[in-house]
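Each chain, written out:
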Amino acid sequence: RKEVEQDPGPFNVPEGATVAFNCTYSNSASQSFFWYRQDCRKEPKLLMSVYSSGNEDGRFTAQLNRASQYISLLIRDSKLSDSATYLCVVLDTGRRALTFGSGTRLQVQP
Amino acid sequence: EPEVTQTPSHQVTQMGQEVILRCVPISNHLYFYWYRQILGQKVEFLVSFYNNEISEKSEIFDDQFSVERPDGSNFTLKIRSTKLEDSAMYFCASSESWTGGNNQPQHFGDGTRLSIL
Numbered sequence: 001r002k003e004v005e006q007d008p009g010p011f012n013v014p015e016g017a018t019v020a021f022n023c024t025y026s027n028s029a030s031q032s033f034f035w036y037r038q039d040c041r042k043e044p045k046l047l048m049s050v051y052s053s054g055n056e057d058g059r060f061t062a063q064l065n066r067a068s069q070y071i072s073l074l075i076r077d078s079k080l081s082d083s084a085t086y087l088c089v090v091l092d093t094g095r096r097a098l099t100f101g102s103g104t105r106l107q108v109q110p
Numbered sequence: 111e112p113e114v115t116q117t118p119s120h121q122v123t124q125m126g127q128e129v130i131l132r133c134v135p136i137s138n139h140l141y142f143y144w145y146r147q148i149l150g151q152k153v154e155f156l157v158s159f160y161n162n163e164i165s166e167k168s169e170i171f172d173d174q175f176s177v178e179r180p181d182g183s184n185f186t187l188k189i190r191s192t193k194l195e196d197s198a199m200y201f202c203a204s205s206e207s208w209t210g211g212n213n214q215p216q217h218f219g220d221g222t223r224l225s226i227l
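Protein sequence lines correspond, in order, to chains A and B. Residue 47 in the numbering used here sits at position 47 of the first sequence, with consecutive numbering throughout. Residue 160 in the numbering used here sits at position 50 of the second sequence, with consecutive numbering throughout.
Hint data in this document are derived by calculation from the structure and do not stem from the laboratory. Hints are supplied without guarantee of correctness; some may be wrong.
Derived lysine-lysine pairs resembling DSS-like cross-links, with alpha carbons at most 30 angstroms apart [to be verified]: (1) B:Lys152 to A:Lys79; (2) A:Lys42 to B:Lys193; (3) B:Lys152 to B:Lys167; (4) B:Lys167 to A:Lys42; (5) B:Lys193 to A:Lys45; (6) B:Lys188 to A:Lys45; (7) B:Lys152 to A:Lys45; (8) A:Lys45 to B:Lys167.
Model the full structure from these sequences, guided by the hints.
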């Protein structure tokens, strides 16, 4: 079983749409969770950390369900500039290494 | 905003040659990392470094790899005898403290594209 699993997409949505990405992780001891975005052939850039209570940053909302080992990212009012690959990233207890999912590709269309 | 910088942006090397990739982490950060991403694949952890020693390494980080902090600002990854399969994007990252504490994020440099011929 993959450590961090994501639907690869692509998700093709019109501008202004709301889109949700899901991610599951296999290690129940995982303790820190993040969403990064990656543009084509660029570095991963931190989008937001994910907290147990859920958190929001502008148009972006992240949720964590530890019981189901499930993380989600909701993007409201999609912009063309949101087109990228969204990476679900997990840190396991006792490690300093991030484990990346393969990413979900989003294409926002005019 | 402070950022992680990497040089060179693109390195082309003959198979079997040694290559050194350079990184300048964010100045007040204490933890440093190398990751790689083979084209079309996911980002993979190589090694973490703290207090002038390796904290953790993956199975990818075999004897041909080494890391060093030669001075107060640079952090290098050396590949001793490159193979074709070492072709990838190599990302350096740093964090202020251990990522596991308080969800401290790792900040990535823009990468070095390594092409082995």
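Evaluated hints:
1. Simply put, Lys152 (chain B) and Lys79 (chain A) have alpha-carbon atoms about 25 angstroms apart, close enough for the 30 angstroms limit, and the pair holds.
2. With a CA separation close to 23 angstroms, the supplied pair Lys42 (chain A) and Lys193 (chain B) stays within the 30 angstroms bound.
3. With a CA separation close to 17 angstroms, the supplied pair Lys152 (chain B) and Lys167 (chain B) stays within the 30 angstroms bound.
4. Simply put, Lys167 (chain B) and Lys42 (chain A) have alpha-carbon atoms about 24 angstroms apart, close enough for the 30 angstroms limit, and the pair holds.
5. A threshold of 30 angstroms between alpha carbons decides the hint, and for Lys193 (chain B) with Lys45 (chain A) the separation of about 29 angstroms falls inside it, so the pair holds.
6. For the hint linking Lys188 (chain B) to Lys45 (chain A), the alpha-carbon distance of about 24 angstroms falls within 30 angstroms, and the restraint holds.
7. Taken as a hint, the Lys152 (chain B) and Lys45 (chain A) pair is honoured in the structure, with Cα atoms around 14 angstroms apart against an allowance of 30 angstroms.
8. For the proposed pair Lys45 (chain A) and Lys167 (chain B), the alpha carbon gap of about 22 angstroms is at most 30 angstroms, so the pair holds.
In this structure, every one of the numbered hints holds.
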